[in-house]
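S.K.: Sequence:
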Amino acid sequence: MRIAVLFNADHPQYGVAYGWAIRDKILSTAIIQNSGRHVKVKIGDVLIYSHAKSKTDYEGIAEHTYFSHPWQLLLSTKLRETYLKSTVFAWVIQNIDETTARQLHAALLTDGGYLGMHGVDLTNAAHLVLYRNSLIGKYRIKGKSCRIFYSMGEEDGKDESEPDELKALGLTDVEWEDKGAHGTIFDDYDTPDHFSRVEVFRKMISKILPDGDDGADELVLILEDLSPRLFSTLGAVARALEMATHEEDFAQVGVSARRYIEQLSDVLFPPQKEMYKGMDVTRNEFKNRLLAYIDQAIPDQETGKAERWKQLRKELGLVIDETNAAVHGTPDKTRVSKAISDLASLSAVLLQLNPEMARNPYFAFNESITNFFKDVLHDSQLDDSSQVAPVSGSL
11 MRIAVLFNAD
21 HPQYGVAYGW
31 AIRDKILSTA
41 IIQNSGRHVK
51 VKIGDVLIYS
61 HAKSKTDYEG
71 IAEHTYFSHP
81 WQLLLSTKLR
91 ETYLKSTVFA
101 WVIQNIDETT
111 ARQLHAALLT
121 DGGYLGMHGV
131 DLTNAAHLVL
141 YRNSLIGKYR
151 IKGKSCRIFY
161 SMGEEDGKDE
171 SEPDELKALG
181 LTDVEWEDKG
191 AHGTIFDDYD
201 TPDHFSRVEV
211 FRKMISKILP
221 DGDDGADELV
231 LILEDLSPRL
241 FSTLGAVARA
251 LEMATHEEDF
261 AQVGVSARRY
271 IEQLSDVLFP
281 PQKEMYKGMD
291 VTRNEFKNRL
301 LAYIDQAIPD
311 QETGKAERWK
321 QLRKELGLVI
331 DETNAAVHGT
341 PDKTRVSKAI
351 SDLASLSAVL
361 LQLNPEMARN
371 PYFAFNESIT
381 NFFKDVLHDS
391 QLDDSSQVAP
401 VSGSL
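Residues 11 to 405 in my numbering are what the sequence shown lists, from first letter to last.
Everything labelled a hint here was simulated from the structure, so no lab data went into it. We put the CB at the ideal spot given by N, CA and C, even for glycine. One thing to keep in mind: the hints can contain errors.
What follows is a list of derived Cβ distance ranges for each label pair [stated by the list, open to error]: (1) A116 with D34: 12 to 20 Å; (2) N143 with K63: 17 to 25 Å; (3) K315 with D200: 37 to 45 Å; (4) D197 with K287: 17 to 25 Å; (5) D203 with R112: 30 to 38 Å; (6) A116 with N143: 25 to 33 Å; (7) N143 with E73: 18 to 26 Å; (8) D67 with K177: 42 to 50 Å; (9) D34 with A62: 29 to 37 Å; (10) W81 with S206: 16 to 24 Å; (11) S171 with E252: 23 to 31 Å.
Based on the sequences and whatever the hints tell you, model everything.
M.R.: Next comes the structure, spelled out in structure tokens:
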């Protein structure tokens, strides 16, 4: 699940540097770290003022933002007392489980500035704008490991004192991570339509994966790191499967599933002309490219690497055979549903072989970045051509 943890930033206990004080309060509980969950954190002020034209407008946006989600652990009186008076600061935590969220809530209740927490739904326009598009991606935490995000190689934006501060809070493995084009002007995956596709896929696989909602949230987080573009295809798979009743419908599910496998291979192991350990890894050989990724993702020193690679090769082959059968055979809903279930489960396994290797923070945005610089170059050429050289000589 994704939650917003809210604080009154103007509470006197925090002082001017309220963001750091709130960070210390949350992480000093060690609850997130002890959960072992792989979470991402966005932080920042909840900018309702920027979108409200009047007092009534502000109150309406605030009520919808804070109280519309069915999952709530809010201190409603304290929260409403901040309206039009105080700045509300949020930690938005992705991929936290409900048990951990409730433990964190209980630990924060003694904090005078704490206002409670609630679920976040990015298909809700207010949540999308205020909790995703307006906040800063700050941390990736798993156990005592923490990565501090910075954007698109902006080395100068790093606060070099923060790693030591986080280590003082009990985190032992602290490094910087380039979050690429996520959350920049090149990120065009910031619409309700995109997150509706994500939610359709999440709901589908939550019924499939052994860990249910928690497993689905984990896979969504990993796929988002890899390439948000994949959700366009995955959403199509989920919708097609839900509506399928005839043979042609199931064939379309198979087509979308195969397209997803091909796109996954493009991100994990892009095509190359050179052979990889005797395997053809050109564009059409998407299965070989996934096998090459698996070989790279499993450390050479891992005991039983060869056996694990062979087992994953077998599972990958079965999944591809089943998606092909959906396209070319006479499938039924049970068989196709199992194929998609196996595909989702295998995706989770592949991406967790080496999570850092499975992150590609620029891949999904390459087209936007390329088009941006093409436009800049085109505009520059137009400006140059408009500067006509003066005519020399005399009449």
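S.K.: Does each hint hold? Answer for all of them.
M.R.: Hints versus structure:
1. Restraint check, A116 to D34: a C-beta distance of roughly 18 Å satisfies the suggested window 12 to 20 Å.
2. At about 19 Å, the beta-carbon gap between N143 and K63 stays in the expected band of 17 to 25 Å.
3. Roughly 40 Å separates the CB atoms of K315 and D200, a value that falls within the hinted 37 to 45 Å.
4. In this structure the hint that D197 and K287 lie 17 to 25 Å apart at CB is violated, the actual value being about 36 Å.
5. In this structure, D203 and R112 meet the distance hint of 30 to 38 Å, their C-beta atoms being roughly 32 Å apart.
6. Look at A116 against N143: about 31 Å separates their beta carbons, and that is inside 25 to 33 Å.
7. For the pair N143 and E73, the supplied restraint of 18 to 26 Å holds, since their beta-carbon distance comes to about 20 Å.
8. About 44 Å separates the C-beta atoms of D67 and K177, a value consistent with the hinted range of 42 to 50 Å.
9. Here the CB-CB span from D34 to A62 is close to 31 Å, well matched to the stated 29 to 37 Å.
10. Range check, W81 to S206: about 19 Å between beta-carbon atoms, so the 16 to 24 Å window is met.
11. S171 and E252 have their C-beta atoms about 50 Å apart, which leaves the hinted 23 to 31 Å range violated.
In this structure, the earlier hints numbered 4, 11 are contradicted, and the remaining ones agree with it.
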